[in-house]
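Colleague: Since the structure of chain A is already known, use the hints to place chain B on it.
Just so you know, the sequences run in chain order A and B.
Counting along the first sequence from 1, when you hit position 204 you're at 204 in this note's numbering, and nothing is skipped either side.
Counting along the second sequence from 1, when you hit position 118 you're at 118 in this note's numbering, and nothing is skipped either side.
Hints were generated in silico from the structure; no laboratory data involved.
It should be emphasised that the depicted structure is a prediction, and the values quoted were computed from it without experimental measurement.
Just so you know, nobody snuck in bad clues.
Dumping the calculated SDA-like pairs for lysine to any residue here, alpha-carbon to alpha-carbon at most 20 Å: (1) B:K151 / A:E528; (2) A:K569 / B:W143; (3) A:K101 / A:Y297.
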Amino acid sequence: MSSSLTCTKLTLLTITGVTIQIIGLSLFVYGFFPVKPALSGVSGAESFRAPTCTPVHNQTDSDLPPHHLKSLYEELSGIAPFDRLVLMVIDGLPAEFVLGKDDKPPPKALMDAMPYTQSLLANGMAIGYHAKAAPPTVTMPRLKAMVSGAIGGFLDVAFNFNTQALLDDNLLGQFLKIGWKMVMFGDETWLKLFPGLFTRHDGVGSFFVKDTVQVDQNVSRHLGDELSRDDWDLMVLHYLGLDHVGHIGGRNSILMAPKLLEMDKVVNMIHTTVIADQENGQGQTLLVVVSDHGMTYNGNHGGSSFEETDSLALFIGLRNHVSDYALYTLNTVYQVDIAPTLALLFGVPIPKNNVGVLLSGTFGSFTDDQQLKALELNSWQLLRLLQAQLPGLSCENSLCDGFSDDQGCRINKCIGNIENMICCLYLKATMLHSSWRLKDVSSRSYGREDYSGIVAAYYEFLKTASEWLSRRVTDKPVNLLALGVAAMMLSCLILLSLIFSFYKEVYYTKMQQCFDSKYSMHTWSLDETFVLGVILILVVSMGSSSMVEEEQYIWHFVTTTLNMLLLRKMMQSLLVEASRSLFRLYKGNKKIAFQMCSIFVLIISGRTLRGWHQGGVNWTYLPDISKWLEKAGSNHVKSIQLVSGLLMISLCLFALSLSGSRRKISLVVGFSFLMFGLLVLQHIQKYQDNIFASSNYNATLSVQIIFAGLGIATIGTFVAYPWLMPICVSKIYSSHHSFMSGSVPIEIQNDYPLLELKNSLYLIGWAYLFCWCLLQLLLQQPINALPMLLLFVQILASLIYASNGSVHHKQWVEIAALYYLGMAGHFALGNSNTLATIDVAGAFIGMSSYSTLLSGILMFIITYASPSFFLLSLVMYISVDTSYLVIPQKADSEHLLKNMLAFPCLVPLGLNSIILTAYTIVLLLMRNHLFVWSVFSPKYLYVCATTLCVYIGVSFVAATVIYSYLVLAIRKRMQGFSSIDTR
Amino acid sequence: MSTNAKVSADADAEAEVVCVQLMLGLVLPLPLTLFIAHHLYSINLLSHPSLTLSLISVIQCPIVLLLYGRLRKNRKHCSYLKAVGRGLLGLPIGALVNALGAIALGAPVGTQYFSQTLNWSLMMSLFTIVPAATVFGSSWKDWQRIFAHTKPMGSVDIIICLPAHGAVIGAWFGAWPMPLDWERPWQEWPICVSYGAIAGYLVAMVASFGCVAVRARLQHVKRE
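One chain only, chain A, in its complex shape (with noise of 0.2 Å):
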């Protein structure tokens, strides 16, 4: 049986098979993720005209100089506006802090913590609200909400480090045209999303999460020179602090009342130089108080939580004094609300893309007139939207046309189609508000109930318009979303048809050689079967919404009924006597109590790994290790982040000796690494005390010699141990090596550096998983020192458990299972598929100057650890796996790679792509489904990710073995040549 499938063959339908799935991936993505706006341009005068049928563009007026604009606007909106506006925004301040929940105010200690603030709510000096935010809560997404009244499109998540300019019809860009001057402190994402607006700034780094001090000194040191000034109309007041305590802290941290008194010291300040005073002549001013975004428990954003989603509108000011404050802030409004309102208290036209309705209560100092005026604008704008969106709401439409048919209207429920619904509602309420407007001033004041009538009725209208336009999906261009599927589902194909004939080839190559052997390679066992089924129910499992959120679950539980099956499989092999003494069960079977000791230990660390996070999301709350371990005390934590790590590093030091060979070499390269583990402990020792020191110069320094001596000595392991490792061509050494296991023919052993290979594989794979090891021991947060211990015992029982395995045993399915224990651990460090989980502190670790590639790839290093390290273990596994040394006696080098190489490299790669291809086409499926950007979109960033991780880590496994193989070839041939010449 000749090998249909040769190297070279093999590599390019691999590389093929990857390119395709990239360019797929990347159509897909950009197809699916929405980034363009519904409407292009900016609204105009024509705002406050209503809809017509034919579009008008009249450009006259956006040539008027500003203060004609003001004055036009102000005519035709016939509001009298605010003056000048105060935005505060407290990045992370949940919305539950000021209002309280559930009809129930504060806790005692936060409603202390801000006292003037309640008490002018208490007053009823202020009104708010709880604005719920829309996932994805973080901070640039948020923004252009509140600012534009539109919902982002879900990649600005990934925008969000590269923040670009807002472009779309905004807030203020408005203000700008009506000859606005503004100005702003804090985030500097603001700067980043309208360069040049501002005419006075200081932006700060929002990324700096250590900083929890001075980020907010840098914004209020300018309080007092510019509330004194009246040559402003906007100040954007943007406050970090908050969010940096909660991520160090979390909601319940000790930073986080003094932060909260020092964010009312600042209301207070604004409220009592600018607004109580409103006799200075700089007109009326108005201070909101807004939050981008709530926080979790731990002070993490990202998801779509209650408590991440609970951000606070707060407005003082109004002129009005509202009595029952309670009745506002309970019903819940969205956080896009927040740009309609402010555009018609300031009296500048709606954005074109808001999605918002105007927040009833603001209007309560204006006259009856004034607020509905407001009501009508607004549905005039969210109208024009959705003349745009919906083809049939057009004006051929004899309903929209308006008065010719009173009677259709006059009904009171309104039912069908959206495109009639929209009309009936809209309908109905400018009737109502005609009819009002027809009676004379005397007779209006009795009637309340008609004026309450119509208010209901335009509420109805906007708020069913704004439920649907924000629940829309924008068109998907459906040409490539096909295309992008079609081409994953190609390489999907390629790369399972290669693993497929592989594994025939594998197959008949060992058939041809044991023929003898009873064990026949026709059954398929159970543990096969069970690897397959796996991915099929992970398949399965991913199409429900509440699967994905608690993934955790079904990893550690396939993973341990994977191990449970192998330990079965043990036992069929475990022979034992007649005799009916268990004391002598494992004598003789020292290689399978090897392997069952293996697996004892995968489950019980399995399960341990498993109780340290609760993980997903609707359980969090549930008790488990890590949580304990933090109420015990910081002291805790750290001593058994300090012991694990010595136990890790011994560990290693004892995996290093495993390998036999005490060559002067590899003493150097274990002593060299053992140097920079005690340089890791020292680094937390002394450092990670407290929260403030892990800031200063001299722990980034000392981080960052770590990171540079840990990659100089890895890749000086990898380039120069093939070439210093001595090469012997006696025939007596197999002997003592302790993994050579195989009868490999003496003839193969001279001719191929296989023992030498071996050695080297070993030796550099140790020096990748040891420097993982430490990578990880610096940057996870403290309580993940253990579980990455524990997923570093894993590894080594998998390793020892696959080299004490038979000649026949499945290579693959061993691979498998270290890919499905590399993603159970993934979650087992307290990922989860919400983006919330992302550890954003400690990808600051060791760094001087923000930069945004780097902590991308920290950020990447910290939440991809465990598929990572799994794949990286594949080295070593490589060089302690037998199986590939059953090879025919005409084997070539390009053989021996291929046997070495394939599984290792095909089984990740066409795992992952399976799971990548079945889920683009769940998301496909899903994309009109309810939680599709708040649990499937974050999802597939993630599964994207690990796309990426197992590339990397595949990558990274072949170039290692085809450098080690070919250094060591050639080396070989040199030292064979020269042994012939001297003979």
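Modeller: Positioned in the frame of chain A, the structure of chain B alone reads:
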């Protein structure tokens, strides 16, 4: 050789009889227990999981021990009482194995779950380990054949092997709805797993009865 055949034929005949009794004694009482418990004492798996599970165990235990004791192997060296005794000994060991397995697969650990886990594992032990312990004692070969290879030979093996596997597989599938956010009371730890185990056990019991009956008929035909 002939004595062997005779012994095995005897065993098969015995197995047939016992199987019928098992059907009457196990398959019927299980739902009956649940039914009576629910209607007389108004307890069920949902409201009183540990109590219901222990009730099942208490009713199951004598039936399983007494009926499977009749199928004991190697009768010359093993009296009926001894078989029942080793079955009783197998009960706590099997419970321990089952409990460890469940915990490894993610069952919650904690004092508040102790009684649930204990009662569940006792029930599982009665389904899986106790019959085998009663029949085979400590003969490794038989255990390996039944549980590692799943290759039942003869009627006795079938009525041990099938229900045990049915119970385990049923429990495994029963665990799947647990993490879902349906907020149903039966998603709590031992409840849906117990439902799965009981359902799997009953189905496998009926199936094994069918197998034994078919085997008996075939042998009958062969003998004629």
